[in-house]
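2 protein chains.
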Amino acid sequence: MPLIDYPAPIRELIVQMKSLPGLGPRSAERLVMWLMGRGAGRVGGLAKALGELQERVGICGECGFFLQSGDPCPLCDHPKRDRHLMCVVEAAADVLRLEGSRAFVGLYHVLGGKLSPLDNVTPSDLRIDDLLRRVRELEVTEVILALGADVEGEVTANYLADVLREGGVMVTRLAQGMPAGGGLDHVDELTIFQAMNGRRRMD
Amino acid sequence: MPLIDYPAPIRELIVQMKSLPGLGPRSAERLVMWLMGRGAGRVGGLAKALGELQERVGICGECGFFLQSGDPCPLCDHPKRDRHLMCVVEAAADVLRLEGSRAFVGLYHVLGGKLSPLDNVTPSDLRIDDLLRRVRELEVTEVILALGADVEGEVTANYLADVLREGGVMVTRLAQGMPAGGGLDHVDELTIFQAMNGRRRMD
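Each protein sequence line maps, in turn, to chains X and V.
Counting from 1, one number per residue, gives the positions in the first sequence under the working numbering.
Counting from 1, one number per residue, gives the positions in the second sequence under the working numbering.
I should point out that these hints are in silico values taken from the structure, not numbers from a laboratory.
The structure presented is a predicted model; accordingly, all values stated were derived computationally and were not measured.
Idealized CB from N, CA, C, for every residue including glycine.
A hint or two may mislead.
[What the hints assert, rightly or not] Pulled from the structure, derived: some chain X residues nowhere near chain V, Cβ distances all over 10 Å:
| hint | residue |
| --- | --- |
| 1 | 61 |
| 2 | 67 |
| 3 | 77 |
| 4 | 137 |
| 5 | 188 |
[Unchecked claim] Facing chain V, a subset of chain X residues (Cβ under 8 Å, in silico):
| hint | residue |
| --- | --- |
| 6 | 13 |
| 7 | 51 |
| 8 | 168 |
[As the list claims (entries may be wrong)] Okay, derived cross-link-like pairs now, DSSO-like style, lysine-lysine, Cα gap no bigger than 27 Å in a straight line:
| hint | chain 1 | residue 1 | chain 2 | residue 2 |
| --- | --- | --- | --- | --- |
| 9 | X | 48 | X | 18 |
| 10 | X | 18 | V | 48 |
| 11 | V | 48 | X | 48 |
| 12 | X | 18 | V | 80 |
| 13 | X | 48 | V | 18 |
If we strip away everything but chain X, and leave its shape as in the complex, we get (with noise of 0.2 Å):
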């Protein structure tokens, strides 16, 4: 008697269900299983979802914000920001939490990420090659680091700090009101707030 399985479209989507980020194997079954069932009508707008995901969503080549294709940068190109000041985070999703705070009007950066030599994520697979020149070509005068208060935040706003003052411009970074070991994720928008005015400066 063969083992009965699921049909290979089912089994294929379990697959690519449970290595994303948040779900396992048992998840993903009952998630596959819920669109065969009652979600069934959710099934197409998910498909086109994702389709439109790839083909509409780009990223800013200066920014490192999201972009919808063909449409100018919501950030760099508005009229109204303070082009002489820039605030670098780690994540796009960062970029939200800080305006959602409103304490902020200048340019952001993107950095992608932050130093962990233990994840091998050396200055290189950062983009600061591109904050160094952005930071010449629109000569910011200061340069804000809203980076996660965990230690490789520490570590890459320490290493930021020091290559930009190389280069003459003030560093500040994001006032220690924000709960230590946490990322910009997990504050809400009052401590973001507070922090973003209390930025101190770094000698």
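Dock chain V against the given chain X, drawing on the hints supplied.
For chain V alone, coordinates are given in the frame of chain X:
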């Protein structure tokens, strides 16, 4: 200053993801951010797998298990299975749990749920008419009720035992080796094996 948000395709995918069972707004956002970054190579595969699910998977009109379009049912059309023995389960996933225990070689019947007055699930919402027709047509001699040991499972088992016995067929159920309050989803294969072997007749 307008509030910055993700481009529309990203927002749309977050909306789609966060309404899936087991995914909240935060985990949906993190998942989409992962797909925009390190997981970019996975977007196409996921969209394709969802499309295949929609196009190539159907449900067997007899047993209710999944079927690859165009193929015969791997259960109903298998020549070596005992066609006079029928096992009733709540959901298609339960078939795999029972097959994994290798304790059963008859046919299956997927009910598609269990009776639940609180959720407005009545006998007409389940595949009970199909079950009675198959039992009659196939001249089934024993129907094994492999339903969860929770309240709705008990109610469903008692209801089915009543209508099936009227037709003169023997009705058995899985032995109460199963943990109280749990469905087939939560037990290991050995427990299912013991429960199948110790099944008892309903009088």
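Here's how the hints hold up against the structure:
1. The claim that residue 61(X) is not at the interface with chain V holds, since no C-beta of that chain comes within 10 Å of its own (minimum 15 Å).
2. Consistency note on residue 67(X): stated as away from chain V, yet its beta-carbon is not over 10 Å from all of that chain's, at 7 Å minimum.
3. No beta-carbon of chain V comes within 10 Å of the beta-carbon of residue 77(X); the shortest separation is about 12 Å.
4. For residue 137(X), the condition that its CB be more than 10 Å from all CB atoms of chain V holds, with the nearest at approximately 22 Å.
5. With a least CB separation of 13 Å from chain V, residue 188(X) remains clear of the 10 Å interface cut-off, as annotated.
6. For residue 13(X), the interface hint holds, since its Cβ comes within 8 Å of a Cβ in chain V; the closest pair sits about 4 Å apart.
7. At its closest, the beta carbon of residue 51(X) sits 5 Å from a beta carbon of chain V; the interface hint therefore holds under the 8 Å criterion.
8. Here the hint on residue 168(X) is broken, as its CB sits about 29 Å from the closest CB of chain V, past 8 Å.
9. With a CA separation close to 20 Å, the supplied pair residue 48(X) and residue 18(X) stays within the 27 Å bound.
10. Distance check on the hinted pair: residue 18(X) and residue 48(V) sit about 16 Å apart at the alpha-carbon level, within 27 Å; holds.
11. Only pairs whose Cα atoms come within 27 Å are accepted, and residue 48(V) paired with residue 48(X) is accepted, the gap being roughly 10 Å.
12. At most 27 Å may separate the alpha-carbon atoms for a hinted pair to count; residue 18(X) and residue 80(V) exceed this at roughly 33 Å.
13. Proximity of residue 48(X) to residue 18(V) is assessed by CA-CA distance (about 16 Å); at most 27 Å being required, the pair is judged to hold.
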